[in-house]
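On the provided structure of chain A, position chain B as indicated by the hints.
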Amino acid sequence: MLEANALSKSYNGTTALHPLDLRIEPGEIFCLLGANGAGKTTTINLFLNFIPPSSGTAKIGGLDVVQQPLESKRLLAYIPEQVMLYKNLTGIENLEYFTSLAGGRHSKAELMGFLEEAGLARTEADKRVGAYSKGMRQKVGIAIAIAKKARALLLDEPTSGLDPKASNEFSELLKKLSGSGAAILMATHDLFRAKETGTRVGIMKHGHLVARYSTSELGHADLERIYLEHMHD
Amino acid sequence: MIRTLMRYDWRNLSADRAPLAVAVVLGVAIAYGAFNGSEWIRFQNRAISEALAEEGERFDRIRNEIPKIESGEKTVSPFADPRQPQSFGRNMGTRYAVMPPAPLGALAIGQSDLYPYYFRVSTNSRETFLNNDEVENPVHLLTGRFDLAFVLLYLYPLVILAFSYNLVSSEKESGTLALTLSQPVSLRRLVMAKVLLRAAFVAALAVLLSAAGVIIGGTNLAAEGAWSRLLVWAAVTAMYGAFWFALAIAVNALGRGSATNAMTLAGAWLLFVIVIPSVLNVAIKALYPVPSRVELIQAIRVAGDESTRQGSKLLARYLEDHPELAPPSKGPGGPPDFGTLLVAVNEATERKVQPVLAEFDAQLANQQSMVDRLRYLSPAIVAQSAFNDLAGSSAHRYKHFLAGVDEYHRQWRGFFVPRILRKEKLNASDLARLPAFTFREEPTADVTGRAGVAFVGLLVAVVLAGIPAVMALRRYPVAG
Chain A
1 MLEANALSKS YNGTTALHPL DLRIEPGEIF CLLGANGAGK TTTINLFLNF
51 IPPSSGTAKI GGLDVVQQPL ESKRLLAYIP EQVMLYKNLT GIENLEYFTS
101 LAGGRHSKAE LMGFLEEAGL ARTEADKRVG AYSKGMRQKV GIAIAIAKKA
151 RALLLDEPTS GLDPKASNEF SELLKKLSGS GAAILMATHD LFRAKETGTR
201 VGIMKHGHLV ARYSTSELGH ADLERIYLEH MHD
Chain B
234 MIRTLMRYDW RNLSADRAPL AVAVVLGVAI AYGAFNGSEW IRFQNRAISE
284 ALAEEGERFD RIRNEIPKIE SGEKTVSPFA DPRQPQSFGR NMGTRYAVMP
334 PAPLGALAIG QSDLYPYYFR VSTNSRETFL NNDEVENPVH LLTGRFDLAF
384 VLLYLYPLVI LAFSYNLVSS EKESGTLALT LSQPVSLRRL VMAKVLLRAA
434 FVAALAVLLS AAGVIIGGTN LAAEGAWSRL LVWAAVTAMY GAFWFALAIA
484 VNALGRGSAT NAMTLAGAWL LFVIVIPSVL NVAIKALYPV PSRVELIQAI
534 RVAGDESTRQ GSKLLARYLE DHPELAPPSK GPGGPPDFGT LLVAVNEATE
584 RKVQPVLAEF DAQLANQQSM VDRLRYLSPA IVAQSAFNDL AGSSAHRYKH
634 FLAGVDEYHR QWRGFFVPRI LRKEKLNASD LARLPAFTFR EEPTADVTGR
684 AGVAFVGLLV AVVLAGIPAV MALRRYPVAG
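These protein sequences, in sequence, are chains A and B.
Just so we're aligned, residue 1 is where the first sequence starts under this note's numbering, counting upward by one.
Just so we're aligned, residue 234 is where the second sequence starts under this note's numbering, counting upward by one.
Simulated from the structure, these hints should not be mistaken for laboratory data.
Where a beta carbon is used, it is the ideal one built from N, C-alpha and C, also for glycine.
Treat the hints with care, as some may be off.
Label-pair ranges, simulated between beta-carbon atoms [unchecked claim]:
1. A:Lys87 <-> B:Ala492: 14 to 24 Å
2. B:Ala455 <-> A:Lys87: 31 to 41 Å
3. A:His206 <-> B:Ser407: 30 to 40 Å
4. A:His206 <-> B:Ala492: 27 to 37 Å
Negatives, chain B to chain A, calculated, CB over 12 Å [unchecked claim]:
5. Arg279
6. Gly451
7. Val693
Chain A on its own, in the form it takes in the complex (with noise of 0.2 Å):
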């Protein structure tokens, strides 16, 4: 579902990512971890056709996204760190507005629905969003995912700065998401969620993926150990 060809971005002679060749399928959550400035959202902004590649493809349902971005987008949501949504705006409008640019039609019934599924309380699905916290804000941005039966997810550090059970409950959302047969492709710093969610993790430095892993193989411990390990040059 989420595929890219030997995509690679460099920004006045510096590469920010060497050229990448990555999978992802249906029903699989790969956790993209690294440093600050390693190139994971670098990789998230190219399937996103913000940056172009210098080089490669990048492709999500086949489609490519500097050639169809349109099409491509269809297919896709994208949670970034901060779900940065209309303050002016409800809960419930934003995600109407937010749908309806993607050519979705929903009454305020289903609207309210997407919301609870994403496990936003119904009360605060009419206030302005300005009141939101980062994880209701996030419930939002899962709403629209939901309410555009997203194939693809790209996630940037969703879940920073989330208590430890807002955090969990994004996890558990995710499952959910992947389990109806979304491909997810999400960075992120969190080496526990990573293991517990993920379905494959892969550690990029300096613009390369250097390991990736079937979490399956993997306890908790081995993974903090071999991240250190690949973190030290």
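Structure of chain B alone, referenced to chain A:
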């Protein structure tokens, strides 16, 4: 899609109460501008009707007086005798040539407060009644009254920029841009929706409030050409606004922050609305200085004195030039009287002053043609020239009026000079045959044609700002 984008953008905007505040400010400004314009029109109309009333009373008095003098019931000195053509044509019976305000006169005062709109035409030389003053500023680029045109030229761009300086940058700064563009929406479509919404709002404000201004200003929409002028006015307003929107998009497309955008656009406003017009004004005056007014007055005096000294010699030459006007040789002889001499003296004076006046006119024409060429440096000047044209407060309409006055002056002299030379007294029935001045409005097609050229000029400016804007949007850095 565009409608969805616009609907939510509007919700966002209106939640800020910013549109309401702007509508109120712009509304007050437009209403005040329209009020000022209509005051000026009322003032002009009052002055005109007072002048015409004065003329009417004077003529009534003369009409009563003539039979009394003829019957010997009343005696007057020859200078106060209305039957004397030189007295009547020079002073007692002079009539007003009047240019009434144009149909949309209240919308742009323009230079109409610099130009006289009525003259008292006499047999004297033209310069004595034409206030042939230096026009202080050929396009009246800098100053001016607070009228509707001022609001549209100066404040309306600021309103547009206030709405659009952070069109894209604010979405990027608040983080909503990334989430929006992760949906199947292109940045260009998003920008288009935002611009359309804001343009519709601002244009609706400008058009509705201008329409209110037209009504408050007491504009006579039944006047010929009023509607087509209004239509072109609205089109020029829209295109001038489109230029500022295009500029705002171009600046946003560079991908800088909102603060930088605001500074850049404020700078652009200053450049196009203030700096270029003033520099142009200074340059024009430096390149084509108009001879000083003092010089002109001095020339008229010297020429007048000289001509008066040469008196009878001039008359002989005048009559050689105009044999048809020579008094019948068997008529009353004797030395030529004051009126006869004056005819010749006036003519000679006019001839002598002619070079100075020609210099004057040539320099003004040079200034005007330089303005016509260089006005395309700033859309503000282009729009202003169109507004002044449509409101009838431009130099074009004034020139048109002057040409009519000149023609009338010739008719007036043509009526009186032969009678002066023949020493023929006027009678009551002559009063009805006096030439009268009627102002013929410039053909509407001429006016809208000139404004149409300005419209095309603005269109070119929109394209020049718009194309790079659209190109730069393709490369807009959504991330980083």
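Taking the hints in turn, this is what the structure says about them:
1. Between Lys87 of chain A and Ala492 of chain B, the C-beta spacing of about 20 Å keeps the proposed range 14 to 24 Å intact.
2. Checked against the hint of 31 to 41 Å, the C-beta distance between Ala455 of chain B and Lys87 of chain A comes to roughly 51 Å, which is inconsistent with it.
3. As the Cβ distance of His206 of chain A to Ser407 of chain B is approximately 32 Å, the hint placing it in 30 to 40 Å holds.
4. Between His206 of chain A and Ala492 of chain B the beta carbon distance is about 34 Å. The supplied range of 27 to 37 Å therefore holds.
5. Consistency note on Arg279 of chain B: stated as away from chain A, and its beta-carbon is indeed over 12 Å from all of that chain's, at 52 Å minimum.
6. For Gly451 of chain B, the condition that its CB be more than 12 Å from all CB atoms of chain A holds, with the nearest at approximately 42 Å.
7. Val693 of chain B, annotated as away from the interface, keeps every beta carbon of chain A farther than 12 Å; the closest lies near 32 Å.
Taken one by one, the earlier hints fail for this structure only at number 2.
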